[in-house]
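J.: Sequence:
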Amino acid sequence: MDIYKIRSVKKKYRIIHTHELKIARLISQHIVKTPELTVWEILIPIIFILKFAQINQARDTLVQNLLFTKRLALNAAKDMMLGCSRKEVLKQIMDHTASLIVPSNSGLYSKIIRKKQLKEICILIDHYGLLLNADGTDYYAIVKKAYGTHGRFVSFIERLNQAEAETSQAAKETLGNSVNTERAALIESLFKQKRMGAAANIFQSERAYIND
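Be aware that the sequence shown starts at 0, since it is given in numbering that gives the first Met the number 0, and climbs by one per residue.
Hints in this document: simulated from the structure, not taken from any laboratory.
All C-beta atoms in this analysis are idealised placements derived from N, C-alpha and C, irrespective of residue type, glycine included.
Where hints are given, some of them may not hold.
Result set (DSS-like, lysine-lysine): computed pairs, CA atoms no more than 25 Å apart in a straight line [to be verified]:
1. K32 x K191
2. K193 x K144
3. K193 x K171
4. K118 x K21
5. K21 x K144
6. K110 x K171
7. K10 x K144
8. K77 x K193
9. K86 x K9
10. K9 x K77
11. K32 x K21
12. K10 x K115
13. K144 x K110
14. K4 x K86
15. K115 x K144
16. K10 x K143
Restraint ranges, calculated between C-beta atoms of paired labels, are given here [claimed, not checked]:
17. I111 x R6: 37 to 43 Å
18. K171 x K193: 21 to 27 Å
19. A57 x S188: 16 to 22 Å
20. F67 x D1: 28 to 34 Å
21. K191 x S98: 29 to 35 Å
22. F67 x I2: 27 to 33 Å
23. E181 x K86: 36 to 42 Å
Using the sequences plus the hints, can you model the full thing?
T.: What follows is the structure in structure tokens.
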């Protein structure tokens, strides 16, 4: 394979991953807030350090959860660009996710959650494949080149939002009352806001022209 194509794919992979990581971190900071310092935390710094470490750990865990399907899909799209077939990468994903399934009464991951996540992953593989095929030196430029219009990009966002909502609903059905529904709804809302905000910024000139 052309060495320049390999370098190009890997560079765009890093750009896309960095963007997804940034969004996940922003959402985690909104969900896991830093509390105000108490007088004891000011007088005894070790207390603050321990609490700060716990907050960072909680945020890191949430980031990993938010990126779970995205990393699987992005890696799959990259591997396809570098020569693997869709059948091969999907088998790897199915084998990996199948290994995580445990009885619903003793774990958090179930067949119904996996089924919905696989749908989400397939949508993301197509999305990342478009991005990795497009020219651009930054995330916004890549997305604009890949989708061409605001409407096409928003159509993808809506399909992804719907797939994620179905995954969230599957988690609620699996875990019942142990799910923090308010927090889950907030995460969905924040993702929608970030994505629609990005779409507006990426295709700003197009929308300004339409509104004139």
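J.: Would you mind marking each hint as holding or not holding in the structure?
T.: Results for each hint:
1. Between K32 and K191 the CA atoms are separated by roughly 20 Å; this keeps the pair inside 25 Å, and the hint holds.
2. The suggested pairing of K193 with K144 holds, with an alpha-carbon distance near 20 Å, which does not exceed 25 Å.
3. For the proposed pair K193 and K171, the alpha carbon gap of about 24 Å is at most 25 Å, so the pair holds.
4. Using a Cα cut-off of 25 Å, the hinted pair K118 and K21 holds, with the two alpha carbons roughly 24 Å apart.
5. Between K21 and K144 the alpha-carbon distance is near 21 Å, which keeps this suggested pair within the 25 Å criterion.
6. For a cut-off of 25 Å, the pair hint linking K110 to K171 stands: about 13 Å separates their Cα positions.
7. Only pairs whose Cα atoms come within 25 Å are accepted, and K10 paired with K144 is accepted, the gap being roughly 16 Å.
8. Annotation: proposed proximity of K77 to K193 holds, straight-line Cα distance about 24 Å (limit 25 Å).
9. Distance hint between K86 and K9 is fulfilled; the C-alpha atoms sit about 21 Å from each other, no more than 25 Å.
10. Under the criterion of a C-alpha separation no larger than 25 Å, the hint pairing K9 with K77 is consistent with the structure, at around 8 Å.
11. For the hint linking K32 to K21, the alpha-carbon distance of about 17 Å falls within 25 Å, and the restraint holds.
12. Restraint check for K10 and K115: not satisfied, since their Cα atoms lie roughly 30 Å apart, outside the 25 Å limit.
13. Restraint check for K144 and K110: not satisfied, since their Cα atoms lie roughly 37 Å apart, outside the 25 Å limit.
14. The hinted pair formed by K4 and K86 meets the criterion: a straight-line CA distance of about 22 Å does not exceed 25 Å.
15. With a C-alpha separation of about 29 Å, the suggested pairing of K115 with K144 is violated against the 25 Å cut-off.
16. At most 25 Å may separate the alpha-carbon atoms for a hinted pair to count; K10 and K143 meet this at roughly 17 Å.
17. As the Cβ distance of I111 to R6 is approximately 41 Å, the hint placing it in 37 to 43 Å holds.
18. Between K171 and K193, the C-beta spacing of about 22 Å keeps the proposed range 21 to 27 Å intact.
19. In this structure, A57 and S188 meet the distance hint of 16 to 22 Å, their C-beta atoms being roughly 20 Å apart.
20. The hinted range of 28 to 34 Å is satisfied by F67 and D1, whose Cβ atoms lie roughly 32 Å apart.
21. A hinted range of 29 to 35 Å for the beta carbons of K191 and S98 is consistent with their spacing of about 31 Å.
22. Roughly 32 Å separates the CB atoms of F67 and I2, a value that falls within the hinted 27 to 33 Å.
23. Judged by the Cβ atoms, the range 36 to 42 Å given for E181 and K86 holds: they are separated by roughly 40 Å.
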